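Asker: Listed here are the chains, written in short residue letters.
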Amino acid sequence: MLWPHMSNPTQTVDPALEAVSAARWRMAILVAFNKPLLGTPLIPGLSIGMLLGVLVIVAAWVLTWIYVRWANTHYDASLRGLRS
Amino acid sequence: MTSAIGEPNLTAIAFFGLFIVLSLGITVWASRRTRTADHFYAAGRSVTAFQNGLALAGDYMSAASFLGIAGLVAVSGFDGLIYSIGFLVGWPIVMFLIAEPLRNLGRYTFADVVATRLRQTPIRIAAAIGALAVIAFYLIAQMVGAGNLIRLLFGLPYEAAVVIVGVVMLAYVLFGGMIATTWVQIVKAVLLLGGATILAGLVLMRFSFNPLALFEQASATYGPGVLAPGRQVTDPIDAISLGLALMLGTAGLPHILMRFYTVPDAKTARTSVGYATAFIGFFYLLTFILGFGAMVIVGREAITKVDAGGNMAAPLLAEVVGGTPFLGFIAAVAFATILAVVAGLTLSGAATLSHDLWVNVIRGAHASEREQFLVARGATILLAIVSIVLGITFKGQNVAYMVGLAFAIAASANFPALVLSIFWKRLTTAGAQVSMITGTVSTLLLIYLSPTIQIDILKHAEAWFPLRNPGIVTIPLSFIVAIGVSLLRPVPSEERRFAELERQLHLGLD
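Residue numbers (the working numbering), protein chains in the order written: chain A, 1 to 84; chain B, 1 to 510.
Because the hints were derived from the structure by calculation, they are not lab data. Keep in mind that this is a model prediction, so the values were computed, not measured. Hints are not guaranteed to be accurate.
[To be verified] Here are some of the chain A residues that sit facing chain B, going by a computed Cβ distance under 8 Å:
{"#": "1", "residue": "Leu46"}
{"#": "2", "residue": "Met50"}
{"#": "3", "residue": "Val68"}
{"#": "4", "residue": "Gly81"}
Glycine is no exception: its CB is placed at the ideal position from the N, C-alpha and C atoms.
The shape of chain A in the complex, shown without the other chains (with noise of 0.2 Å):
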C-alpha cells in the first residue's frame, strides 16, 4: 500500500498501480546507477535503455487501463452497495 494509514472501505490502490510505480523507480535507479548497462546495444540500432523505456511507457498503458477497468466495475460496485 503506498498510505497504509488509509482507512478506507475498500482498496483504492491497487496491485497495477504499484507495479507502474515500481517499473518507474527502477527505471530511475538504473539510470542513476547503471549507465553502461543501459547502454548495451541488443541489437543495431535498439540498446537496453532504448527498450526499457518503451517499455515504461507501454506499461503505464496497460496498468492503467487495467486499474480503470477494476475501480469502473468493482470499486465502484462495492461504493453502490455502500450507499445503499
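Fit chain B to the known structure of chain A by using the hints.
Answerer: Below, chain B without anything else, positioned relative to chain A:
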C-alpha cells in the same frame, strides 16, 4: 542548411490566424453558456471523460515538453528521453490517488479540499500563497517563452508577441471561462497530437517505417553513446530530485487540479486520467522519433546553430521533411500550446483570488452569485495585465529555471498538504498551514542558493546549495513539518470530522 525560421512565414501566420479565429469562435459559443460561477470555474461539470482526458493531456504537453524534449533528444540522445519517461510514469499513479477525492470533496480549487475539515481562513490564505507563487513563475516562463518563440518563428517583435498572447488569453478566460479554456485546450491537444504524428510519419517514411533503422543511423553518425545515458545525468541525486518534483508537481499544479472539477462525477474523473495517460504516452513515444529524426535528418550542428538549447529541433525537422508550409503549421501549433496553457493558468489564478481569498476569506463565504462572478472576472483582467507586464519585464532573462521552480513549489507546498488532508486524519489546521508555507519558502530559498541562480545567473564562483532541483529536500521537509506540527498540538475536533470527510470522499456530496 538555410532555414525560413526567424523570417515572417506566411503559412505560419495563416495557420495561427486560423487557430485564433477558431478559438475565439469557441469563446463566443462558450460565453453564451457561461452564466454562473459554476460555469465559469468548472464548465458546468459537463465535460466528458474523453474530453477531459484530452484537455489534461493538453495541459501536460506544454511547449516545454513538445519543443524542449524533442530538442533535448536531438542534442543529447537517450538522456532527453529520461525526461519524457520521468514526466510520464509517475503521473497516473499520483493522479488516481487524488482525482476522485478532489472531485468529491471540492468545488473549484484544491484549497476547498484541504479546508474541508480544517479552519477556512488560515488554510485558504496559505494555499493561495503557494498557488499564486506557482502560477506566477509558470506564467513568467510561458510569457517569456512565447515572446522568444514568436520572435524566432514569425519574426514578430518580442513585446508585440507578449501583448498578443496576453490579450487573446484574456478573451478566452474572461468571456468563455472554463468552457472556452477546456475547448481551446482540447483543440490544441488534437492539433499537437495530429501534427506530431504526421511529422513522425514523414520521418519514418525515410527509414521505410522502421524506427530501429533511424536509431541505428543516429548511433552510426554520432556514436553509440546517443542510445545510452550520458553527460546530462551526471548527478543522480539531482536527476531523482527533478523527477520527484515533476511527478508530484503535476499533482500540485492548480490549473491541472482544477480540471477534475469540470467532470460530473468521480468515475469520470478517474476514467479521464486513463485517457490522458494514453494520449501522453503516445505523444512521448513520438518524441523518440522526432528527437532522433531531427538528430539524423537536420543534424545537431544545424539545430544548435539556430538555438543553443536545441528548442528549434522539431520546427527545423518539420521544415526539412515537409517544407515551409509544414514548418508554418508546427510553429502555429507551438504557439497555440502556449496560449492554451496560459489561459488555464490564468483561470486557476482567478479562482484562487476570487473563490479562495475574496469569497471565503474576506466575505466569509457569503457572496452572491453575481458578486462571485464579477470578482472572478476582475481577477482575470488583473492577472492578464500582470502577466503581460511580467513578460515584458523579464525580456532577455534566462527563465528556464522558473518552470522547474513552479513544479518544485507545487510539489512541496501544495501536494503534501493536499494528500495529507485527504488520507491522514490527524492533520491539523496549523500542520497544513505551516507545511504549505514551509514548502513555498524553502523552495524559493534553496533555488536562490542553487547553482542555477548563484553560478549561472549571478556568476558567483560556487553555490551554497549543491542541487539545481530542491524537490528531494523540500518535499520531505513539508511532509515532516505537517506531521510534526499536527502531532505536537493535536486538535480532536478536527480529527473527529475526518469520518465525515471519508464518507464524502467515497460517496460524493449527494
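Asker: Is the interface hint satisfied for Met50/A? The criterion is a beta-carbon contact with chain B at less than 8 Å.
Answerer: 6 Å, holds
Asker: Using the nearest Cβ pair, does Val68/A come within less than 8 Å of chain B?
Answerer: 4 Å, holds
Asker: Given Gly81/A as an interface hint, is the shortest Cβ-Cβ distance to chain B below 8 Å?
Answerer: 11 Å, violated
Asker: Have a go at the Leu46/A hint: is there a Cβ in chain B nearer than 8 Å to its own Cβ?
Answerer: 6 Å, holds
Checked against the numbered hints given earlier, this structure breaks only hint 4.
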